[in-house]
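J.: Sequence:
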Amino acid sequence: MVNDHTILAPAISGRHGRGMILALPKGRILKALKPLLHLSGLLAAPSPTDEATRALRFPTTEKRIDIVRVRSFDVATFVAHGGADIGICGSDVLMEFDYPEIYAPLDLEIGQCRISVARGINHATAAEAPSSKIRIATKYPAIARQHFAQRGMNAEIVHLHGAMELAPSLNMAHAIVDLVDTGATLRANGLEETEVIAHVSSRLIVNRVAMKTRPQEVTALIDRFRDALRNKTQ
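UniProt numbering puts the sequence shown at residues 1 to 234.
If you're looking for bench data, these hints aren't it; they were derived computationally from the structure. Some hints here could point you the wrong way.
[As the list claims (entries may be wrong)] Once the Cα atoms are required to be at most 16 Å apart in a straight line, the calculated EDC-like pairs of lysine to aspartate or glutamate come out as:
id	residue 1	residue 2
1	K34	E51
2	K139	E96
3	K34	E195
4	K212	E101
Please construct the entire structure, taking both the sequences and the accompanying hints into account.
T.: This is the structure:
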């Protein structure tokens with residue numbers, strides 16, 4: 001059984017005197033998180049895992065903790081800028097934004113995939129790009145620029161939020177940088193994975209100011225997830 005964290009440490013007056021805010025991502029990560037959230041004992045009704053509701057803020061079983069449900073790319077921004085004290089997001093997001101206000105104490109070992117370079121099977125490769133300059137379609141401009149800079153290449157970014165797979169065949173880019181799981185979407189669109197930049201998983205992240213000003217509350221919440229993760233893997 002999960003350790004009993006029903007009684008948290010007394011609330012410490014934090015920013016704006018509010019309770020703790022936990023930011024969760026919409027979409028596939030939230031689906032994968034569902035068992036862990038149940039084991040944490042935090043879920044109440046209405047639940048953030050209910051895809052039918054349009055609500056963005058939810059109560060928990062703890063009076064001083066609320067959950068907000070936001071876009072996966074926005075979780076780190078909410079935590080870094082103090083909108084949330086703690087959150088869950090992919091390590092790809094942490095790599096892209098590299099907020100100094102955040103640290104990630106716990107790998108939740110879910111949402112595992114990789115961020116990779118992919119190209120069209122019948123289109124120019126990175127090595128064939130003219131004059132050591134390559135045009136990349138991606139929603140990860142910082143990661144892409146850094147990756148190709150380390151290889152002595154200047155990456156021109158075509159910033160897309162979706163449908164990156166179309167870019168090479170429409171001569172918009174030489175290659176793409178995107179998340180890859182099974183690779184099925186790449187293959188269905190005539191692309192092949194050519195290089196893995198980093199392996200990705202979901203992390204519990206914490207605002208550094210919240211950790212300093214509300215250490216007992218933040219630590220208790222981290223411990224809930226650590227215990228839930230331990231019980232999930234048993």
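J.: What are the numbers of the hints the structure violates, in ascending order?
T.: Hint 3 alone not satisfied by this model.
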